[in-house]
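Visitor: The two chains are supplied separately, each in an independent frame; assemble them into the complex guided by the hints.
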Amino acid sequence: MAALIETEGLTRHFPAGEEVVKALSDVTLTVQPGEFVAAMGPSGSGKSTFLNLIGCLDRPTSGHYRLMGESVETLSHDRLAELRSRRIGFVFQSFNLLPRTDALGNVELPLVYRGLRRRARRDRAAMALAAVGLGDRMRHRPSQLSGGQQQRVAIARAIVGSPDLLLADEPTGALDTRTGLSIVTLFQALNRGGVGVLMVTHDAEVARFASRVLRFRDGRLVGDMRQEPADAAAVLAALPPMEHAA
Amino acid sequence: MNVPGVITREPAAASPPSPVLPPLPPGHGGMDLMEALRGALSALAANTLRSILTALGIFIGVAAVIATVAVGEGARRQVTAQIQSLGANLLIIWGGSATMGGVRLGAGGRSNLSYDDAIAIGREVPEIEVAVGSIRQTFQMVAGNQNWSSMVIAADPDYFIAHEWVAELGRLYTAEEASAARKVVILGATVAENLFGEEDPVGREIRIRQTPFEVIGVMARKGQNPMGQDQDDAVFIPYWTARRSVMGASRANARQVGTISVKIHEGEDMQEAEESIRALMRQRHRVAANEPDSVSIRNLSDIQATRDAAARTLSLLLASVAAVSLLVGGIGVMNIMLVSVTERTREIGLRLAVGARRRDVLAQFLLEALVLALLGGAVGVAAGLALSHLVADLAGWPVLVKPDAVLLAVGVSALTGLFFGFWPARRAAMLDPITALRHD
Ligand SMILES: Nc1ncnc2c1ncn2[C@@H]1O[C@H](COP(=O)(O)OP(=O)(O)OP(=O)(O)O)[C@@H](O)[C@H]1O
Ligand SMILES: [Mg+2]
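Protein chains in written order, with the working numbering: chain V, 1 to 246; chain W, 1 to 440.
Pulled out of the complex, with its shape left as it was, chain W reads as follows (with noise of 0.2 Å):
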């Protein structure tokens, strides 16, 4: 007896035989992960428009994180580094208004700093590793037939040590050639490079102000300051050479220093050290109690937390873009698990009647949540990288996207998909399997 349609092509045989399959072995329940992310991504390609524009939302949020992270690393590095290059643990000290003989000066007035009071303060402030005046002033500078205006900065040789400058080529002057007024110069990079282009300076002559100077180094490259002006247009000459030779003394300033900078020993209190410099100071140049303070300190913190507040503010902004547009992103991503379970809910109901568990579903929706947020956090990251780019060009900033920063984004996507996907999913796997299976 043939059966047709169940064994078409079977010879006729007496029986047909059984199509009942021989027992399943007890295997174990749960969904395999293959499985999952197959459904999953078959899911997400069945509407490949739809998966992309809902993806776009995360996208944006997570070329955002990138592009904070990177922001405020780059500006954070290049403080830093800007920090270090003029010397750690240094306080600059300013003549605040003089006051002579009970007359105060403006603000335009001369400097009230003394060569001695670097001394007094390297002698009596415990904290103090060197203490060192320096004048500087603008000069026009000939070598042979170049010229070029710079900064002359004039200050003994404890200056390098405050600053933590040391010289490329050559050598710095000694602290002997310094009180002896020796005519030696050292040359900061970009003097050295407009004055003689490819060649060696060292042991070349230059004049300042008609008076000729040996070149006897060339400083190691320090770049911008945390102001933005190049360190290296400048050049070093003892502070007794420039009072003989270059800036010329009158009685009144004749031991007058612009600045002190003062280099505070690893590990000292930064802050005690300015009080006893103020001090010392109030002291020295005789100020009455009820009077201000005779001189300002900068401290490069100040400046570090002025440059640091400006990347936090880019961060912030990016940041909130970020927070912004992952929060529409999730919302997209919610809207959409919503349809899809909608349009699948005979799909679920199927599942569930042949023996998905709830949990099986939820994991089924969770994942294509978590997909298609991943996909997104993807192109995002490539995204985030190429914005990271352009703002580092932008600001003139180091690119720094370390491996976390990408961590991170992906993390984040990967959250806003679960955070936002799990309501749909739950809902899903909530369905009652006979409501689902009538659905239409």
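Chain V on its own, in the form it takes in the complex (with noise of 0.2 Å):
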């Protein structure tokens, strides 16, 4: 079986007037399907940069990156489209919702691209919000919901067309702690049934939940550690009981 991320010496520069701005420096390296993998670093190293273009919205200056098996640095336009149609779920830390459509309808958008018939894109997305627990929260519009909530629908967006992997750049950096442990519980569980994850974070707290750290520094990856998971679900059960989480 193919590797789900394949990259050899991965670069990205941007031309910043006179300069030019190395924001990722051959980066190499391989995830194996199932892995979850959070990515550390100081601001400005390239975790995004690199999260960008592991996630097929932009392409290397140099370097091979081959997702799936597939080299991607060579595909055309449409091609990178249906890769991140199929292929990729996306999660931002501002969670990027579209602010007049309720949550069925911003997780029903990717499968507008897919082709796929209104009832069953509506029937599909029910069921990716029953899953992120919020199948009572339908037809609530982005502001009707709170952050943690709105990060499930953006996850449920995420997964809703059955992604290999699941790109998520400091999907808790805007959230309470016990928000943050509850979506990355939903990662977990994601995890767990098979969908290899990529998060990058600021959090060391969050990244020992991931079974593989990587460490960027000044666009280098300088870094790469295996480790035991620690279970998010666990540790947040153990937390002082509230009234309502997420």
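FYI, nobody ran anything at the bench for these hints, they're computed from the structure. Fair warning: there could be bad hints in the mix.
Said to hold, decoys possible - Using 20 Å as the maximum straight-line C-alpha spacing, the simulated SDA-like pairs for lysine to any residue come out as follows:
| hint | chain 1 | residue 1 | chain 2 | residue 2 |
| --- | --- | --- | --- | --- |
| 1 | V | K22 | W | R209 |
| 2 | W | K183 | W | R209 |
| 3 | V | K22 | W | D432 |
| 4 | W | K183 | W | P157 |
| 5 | W | K183 | W | A167 |
| 6 | V | K22 | W | T435 |
Guide: In structure tokens form, the structure reads like this:
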């Protein structure tokens, strides 16, 4: 079976006036299916740049990247869009939900580009919302949901197309500890179901739930460590009880 | 172990059910049109006032397009109808300035055309079906205690062939009655109405200049001629009857006619016939080689051309209004779409991130521009119809809005939307997903 992610000398430079910002330099890495990878590093170290390349949102300046065996750097825009549609689910720090659209409509969005009929899309989106525990909030707009709930909607949107790889750029950055934990719990559950997870985080507390931790500095991959992940659900359960979480 | 937030309402279970959904069947890409349309409408509805104002330019342009076509068509039909009312393939010969014994008479002089000129034309010009002379003069006419002043047209019955005119009631007079100078008259519809009202005039008597005439028929109604005169305000009597009993005759004008109506055989060349007639008239009127023609010939296509030109000017004016407002409207659409693309940059980034292809984004914004333009277009069609009615009323034209005008207008607004929406839509489609997602 092909590796989930395989990069070789992956490099991304941005021209900035006279100079060149070496956002990512020479990253060589292999991630197998089923891994839960956390990417850490100081601000500006190239984590987001790396994530965007892996998510086929951007193309490398040089180097190679194979997603499930398929070389990405030479693909057309359309094929990249198709990979994003079929293989990848994105979760952003700032949720990025459509403000005028209810939860169901937001989750439905990726399916629109997969040629599914409306009925099928709605059913499937409802399923995804139920899977993240928002079965009773389908008709709520983002402004009527808490931050944690919004992030769950974003996760439902990311998983609605059955991706092989879930990418999350600081998904807990805007959330309190408890809510963040519940999001990570969800990631772990997805990961146990076979979805590869690559999550950027600043927070070492969050990184310990991953099975592997990458460290970036100045655009280089400087650390790659495997670990026994902590169980987010257990940690969450051990927190002092509260009226309502997430 | 219970996981809060994940399966909040599930009973405690040994392990949480996986939130992984069953795999999707390998569907085909591409966005469905209904969804795109729904998206476009809701995006426009989100900025209702802005959308309405933007559609205004298109609205005016389309209204002008509809009116242009309607006015042009209405005027054309009216002119055609008037020309046909005069008779197709008709030439009218007017006596020019007469030359008698080398002395040229002024424009106010008597006609130099004679009854015999008409006969000669009919005999010698092969393209001709009939050629008939007529004189017209206004007289007071009396029936019982009613009186009415109207045009008396004195002509032999060929006149009715040349002018394609038939009797509505009664009959026309015959060639025999004409040559016998019988005192018979056929009334134009307007005269019949004024003298007899609702009654049937056939068989009754009217007096023209004290001379009693028997009414044998009433002409079919023709309406206005291209000069705006009521053609039905006239009566018809045989030429020789007029000469003997009504208009009188002197030595000089005994066989004189005012005009000669000439009907050309169907399919013959009017131009050629005209040339032959000119030549014949020069010969008969003994016009020297260096003198101008003795007659002028009025071809009805000249009148048509004049009227066409007037209608064309009006159409051109409206077409310019249409073009300018469509241009302004189109630029408005472009402007608003650019604003919309900028406002929704993050949304575009998001759509690209979740799998939209460039062409999906392009289609989305193009469709939005199209819907915007078509909404303006639809209201414009309604306003255009109203405007055409108004113009037609003022100009006294029939209202003619053909379905193709509506189709044209809708097509034009759609094209405007697509043309001016393309650039903004392309800008949206070409956005870099990461830059777009970072946009604030
Ligand atoms: N589009 C771009 N154009 C120019 N420079 C860029 C661009 N994107 C990123 N960079 C630069 O590349 C470097 C790495 O950026 P990146 O966003 O990957 O950092 P990061 O590790 O995600 O930081 P943070 O933790 O603050 O999110 C930074 O110096 C950034 O300024
Ligand atoms: Mg970042």
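Visitor: Keeping to a limit of 20 Å between CA atoms, is the pair of V/K22 and W/T435 held or broken?
Guide: holds (17 Å)
Visitor: What's the verdict on W/K183 and W/P157, does the C-alpha distance respect the 20 Å limit or exceed it?
Guide: The given pair, whose Cα atoms are some 14 Å apart, holds under the 20 Å limit.
Visitor: CA of W/K183 to CA of W/A167, is that 20 Å or under?
Guide: Roughly 17 Å between the alpha carbons, so the hint for W/K183 and W/A167 holds.
Visitor: Going straight from one Cα to the other, do W/K183 and W/R209 come out at no more than 20 Å?
Guide: With a Cα-Cα distance of about 12 Å, the restraint between W/K183 and W/R209 holds, given a limit of 20 Å.
Visitor: Is the hinted pair V/K22 and W/R209 satisfied, with a Cα-Cα distance of at most 20 Å?
Guide: Violated, at about 112 Å.
Visitor: Does the structure keep V/K22 and W/D432 at a Cα separation of 20 Å or less?
Guide: Cα-Cα ~19 Å, so holds.
Comparing the model with each numbered hint stated earlier shows that hint 1 is the single one that does not hold.
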